[in-house]
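Trainee: First to last, the sequence lines map onto chains A, B and C. Here the first sequence is numbered in UniProt numbering, starting from 1 and rising by one per residue. Here the second sequence is numbered in UniProt numbering, starting from 1 and rising by one per residue. Here the third sequence is numbered in UniProt numbering, starting from 1 and rising by one per residue.
It is possible that some hints are incorrect.
Stated by the list, open to error - Here are the simulated SDA-like pairs of lysine to any residue, each with C-alpha atoms no more than 20 Å apart in a straight line:
1. A:Lys41 with C:Gln298
2. C:Lys377 with C:Lys433
3. A:Lys41 with C:Pro460
4. C:Lys245 with C:Arg542
5. C:Lys114 with C:Gly46
6. C:Lys229 with A:Gln84
7. C:Lys210 with C:Gly46
8. A:Lys41 with C:Gly465
9. C:Lys433 with B:Thr203
10. A:Lys53 with C:Gly155
11. C:Lys399 with B:Arg309
12. A:Lys53 with C:His132
13. C:Lys148 with A:Gln84
14. C:Lys503 with C:Gly354
15. C:Lys433 with B:Arg309
16. C:Lys84 with C:Gly238
What the hints contain is simulated information worked out from the structure, not anything from laboratory work.
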Amino acid sequence: MGRYALRRLLQMIPVFLGSTFLIFFMVYALGDPVAALFGDKAPDPATAARIRKDLYLDEPLWRQYTHYMGQVFSGHFGTAFNGQPVTELMASAFPVTLRLTVVAVVFEMALGITLGVLSGLRRGRGLDTSVLLLTLVVVAVPTFVSGTVLQYLFGVTWGWARPSVSPEAPLAELLLPGVVLGLVSLAYTTRLTRTSIVENARADYVRTAVAKGLPRHRIVTRHLLRNSLIPVVTFIGTDIGALMGGAIVTERIFNIHGVGYQLYQGILRQNSPTVVGFVTILVIVFLLANLLVDLLYAVLDPRIRYA
Amino acid sequence: MPEPFETRYDMTEAIAPAGSGGGPMDLTTPGPQTLKGGPRRGLGRLPLPWRKEPGRRSGGPAAPTGRGLWSDAWHDLRRNPVFIASGLTIFFLVVIAIWPQLIANGNPYHGDLARAQDGPAPGHPFGYDLQGRDVYTRTVYGARASITVGICATLGAALLGSALGGLAGYFGGWWDALLSRIADVFFGIPILLGGLVFLSVVTSGSVWPVVGFIVLLGWPQISRIARGSVVTVKEHDYVQAARALGAGSGRTLLRHIAPNAVAPVIVVATIALGTYISLEATLSFLGVGLKPPTVSWGIDISSAATQLRNAPHMLLWPAGALSVTVLAFIMLGDAVRDALDPRLR
Amino acid sequence: MRGAPYSLCARRALSALCVSAVALPLTACGGGDGGAEDGVVRSSWGDPPNPLEPANINDVQGGKVLDMIFRGLKRYDPRTGEAKNALADRIDSSDQRNYTITLKKDWRFANGEKVTAASFVNAWNYGARIDHEQRNAYFFEYIEGYDKVHPASGGAPTAKTLSGLRVKDERTFTVRLTQKFSTWPKTLGYNAYAPLPRAFFEDHAAWLRKPVGNGPYQVRSYTKGSVMKLRAWGGYRGPDKARNKGVDLRVYTDNNTAYTDLQAGNLDLVDDVPAQQLNFVRSDLGDRYINQPAGIIQTLTFPMYDRAWSGPDKAKVRRGISMAINRAQITERIFHGTRTPATDWTSPVLRRQGGYQPGLCGDACRYDPARARKLIKAGGGLPGGRMTITYNADSGSHKDWVDAVCNSVNTVLRSDRACVGTPVGTFADYRNKMAGKEMTGPFRAGWQMDYPLIQNFLQPLYYTGASSNDGHFSDTGFDRMVNQANAASADGRAIADFRDAEKVLAQQMPAIPLWYQNGSAGYSQRLSEVALNQFSVPVYARIRVG
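So here's chain A without its partners, still in its complex pose (with noise of 0.2 Å):
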């Protein structure tokens, strides 16, 4: 297991450098930033110029790329074009979003795997019929709209919560945004609970331990519901990566200043130390909750082991 997890922490070293690679292509294949920088006004051609020159944009594409990571691998991850160092972006924003994506993933597993196990236990019954409704509601319904209904009803009509986050975002005010992230994905984690409840209730293991009179929540926590979590654990895996970089509508309608915004502003203002940086970050979320997942299967299913 030891030399497993090492041998995954190893092949992240290509993926970065393939990673960085791409979105830093993909950036300049949006084009020139510069003329953005002027508002609705035309910009003055020898000032864009003169920038486009501080910023390498006037290199060939290899050349900025290696001059990028040449800055990146002396700690430097270049700046916003409001003269922010991406690295300061980074440090405020990161910790906000990891916070915001806690509340969404404990929010999503403790009441998704919940409703899917009740569920699947009771199938056809009321309440497997209000969960299926629930899913519905969640898929068709925008995270814009249940946003701000639930911003609404707690911020301005019971006063509940603030409607806006403050800047320090601490864990308290994180937990209604959080709540709203998480609404999609519990949609996902209690199906696929539920379906793989339905499919493991009548494995030999359960039988086995019915037939030897186990008591019945240790049955459930103990046989079925632990052989019936790595697909949601593995949901959940890539879920975290995705809660993290795209949680832009949740973060615009609660005003955090995460992950998502600084993204989504990095890249319609075409700023490639931003979005690289902010990416590449991400995928080593990615690339750490899969080699997590994966080294959880093992814990969860004794018969799978990792050489």
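Got chain A; can you put chains B and C on it based on the hints?
Mentor: Below, chains B and C without anything else, positioned relative to chain A:
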């Protein structure tokens, strides 16, 4: 292999009685009750722990009905009311997507701004949108783009994802490393950036670039799910048995692993169908998706979202249509999964 | 199955999660205070895209801050728009080309430094020099020597300072322009002309972290991307001392959120009420809502470099399209009255004495389906039978009004697809398409004035080769009238000439005036005497709290 040997030993006694009784409700009824059926039936039909892979599938002599797995499943499905209902719904949606004028004779493009956001009126049961266009007509006409994007993108992502994920999970080692790391890189591409790069060069108004793009970004997730599922299933006894009996990789994967590993993929794919339809709207909203004046549920939902306070009916109908579609596919997926699971027979 | 959630927690690995899951509903009830500080205005803000230097700010949000912490030679009266002397005691010229500027006494920067003639000259030299890459450098292009410090090639400058600027004594400096420019002193209220303290040049990084100016407010703290706290500065010498204790500018990425915060009592002032809330703004806020003209005009500009749109008879088509747009209905139904149908190419904030002339566009800006059809047909129809309206999809909700305009045109032309909106993903791409002359049909253009002068609405946009003439319109008659206006010694004469130039636009219709944009704002019960200036920026110093 660290097998839970003790459990397996117990099984031969325990599983038998429940073999064909009880269903998934086993746990909701007191345990001992399931033993009532007596060992006779169970032993006669499914004596071995790896009976999840029934003899008939591996071509063994024990196939009582003589049908293959898939035709068996089809046989089950035809009698399943859930399958019939969802199938009919999907059929209806597809017909509407092809011939929207069958049930709507209005013009989805024509708007009368004077009626902007008005509620239902005679001949316009769903009211008007922000541009004064008839919501009913647009909901009907929106089916074409949305259903095409939803079904094709889901199929594409599910097939590509499960193929690559299945291979990675089954072979492991370098295959796994390569395929999984490629997936990781794809995970990292932000939708906005990818959309701007890949789709802004496309000027044609067709849905296929959008479908292709969604497949491109959607397959890694399904691939991870499929891989996880295959990793689990391939350690099961019946797979080990099949391999021990000399089944080749292709055969093992397709006949033994795939039917047992497909459930999570179906679950994720059916929900993803809905999210892909919405994703199309996000792309269109960003100016890189379907080109105007194409009508789609996603586009109408996203433009209705900001107008929720002014005209909730703008959201209700296209979102309702999307829900019905997703519901139909979820039910269909459930029915197919059940049909593929021999333990439910 | 009551056992399930409980036993979930029994699993050691998951127990931490369960603890926090239980804690969810308990901690969710915090918040709500919003941190209202006595006498301080909490106002919405947007993150400025460029560094906060006077000559580098070209957006409303950055302009907001500069207007609070800086005072220049002139200041536009927030009510009338008239350019009044602020730090300037006198600006004299005998030939509209050589100006002598004398400063008022005893003005200081918030760090105690005196505001001298050198504060201005150094600031302008800094802004003009190409090495500093200031976005507004071109504002100094009329000053002699600009081509030396800012070579058109973008290469190294051959001089460090503008030769046209001379410090005579502590309170006097002279400016020599490259050409006659009678209204030049009136442009000096623009932010780019603000003075800078020595601290700006000595420790630039520190200054950027916490800008120091000479306005009624000083920066107490600035957290980039989230909040800037400004407090009233006691040492301010101007007549418009702050009537509140300070302003907290909070960055919002979505004006909807700001509006919700206002409703919840966490914010005092939102200076951009989202369109979808306008139906309810009276019931939400009562009379705490402002909707007044701002110096912004929206147009549909034609690519005059494209023969299909600029050919001999195509003026008819362009006028016909203009007549096919039902401005009144669109401003009412889509914008809920926050836009006013345009009937000339300037803005009501100029007022009539400043050159605004309603109705100058004449019939061409009046909705008339029958004549529109006839004109378009007479001009040979739309090129290829169809037109696209290009816009950028990444900012604002342009889609709604573009669709409405197209609907209006389509209804007039009795077709479903004669007019179609074409979104472009990013603003940069949009600008690049413009610069590369790639537009194949009319495109969205919004012009926010730099200073309330009719010249600013005409010359940069329609003069041959002008910096923002994105449609590449060129008309000798128009150019001649503009030159004549700039050389005129009397204001009245200049404005009359500019109006004559504008009449050329009415005939040629290189850009269809759509509507004048208003500034809108909503505020809380804590505030009173809230108003917006012509730039749709709240006049913070006048606001009273409590």
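Trainee: Hint by hint, say whether it matches the structure.
Mentor: We went through each hint and held it up to the structure:
Restraint check for A:Lys41 and C:Gln298: satisfied, since their Cα atoms lie roughly 13 Å apart, inside the 20 Å limit. For a cut-off of 20 Å, the pair hint linking C:Lys377 to C:Lys433 is broken: about 29 Å separates their Cα positions. With a C-alpha separation of about 9 Å, the suggested pair A:Lys41 and C:Pro460 falls inside the 20 Å cut-off, and the hint holds. Of the supplied pair hints, the one linking C:Lys245 and C:Arg542 holds, its CA atoms being roughly 11 Å apart against a limit of 20 Å.
The straight-line distance between the Cα atoms of C:Lys114 and C:Gly46 is roughly 31 Å, outside the 20 Å bound, and the hint therefore fails. Proximity of C:Lys229 to A:Gln84 is assessed by CA-CA distance (about 19 Å); at most 20 Å being required, the pair is judged to hold. Our distance criterion of 20 Å between C-alpha atoms is met by C:Lys210 and C:Gly46, whose separation comes to about 17 Å. Note on A:Lys41 and C:Gly465: the hinted pairing holds, with a Cα-Cα distance of about 13 Å set against a maximum of 20 Å.
In summary, the hint linking C:Lys433 to B:Thr203 is supported, as the alpha carbons are separated by about 14 Å, within the 20 Å threshold. Of the pairs offered as hints, the one joining A:Lys53 and C:Gly155 holds, with about 10 Å between alpha carbons and a cut-off of 20 Å not exceeded. Proposed proximity of C:Lys399 and B:Arg309 is supported: the alpha carbons are some 19 Å apart, at most 20 Å. At roughly 13 Å between alpha-carbon atoms, A:Lys53 and C:His132 fall within 20 Å of each other, so this suggested pair holds.
The suggested pairing of C:Lys148 with A:Gln84 is violated, with an alpha-carbon distance near 30 Å, which exceeds 20 Å. For a cut-off of 20 Å, the pair hint linking C:Lys503 to C:Gly354 stands: about 16 Å separates their Cα positions. For a cut-off of 20 Å, the pair hint linking C:Lys433 to B:Arg309 is broken: about 36 Å separates their Cα positions. Proximity of C:Lys84 to C:Gly238 is assessed by CA-CA distance (about 12 Å); at most 20 Å being required, the pair is judged to hold.
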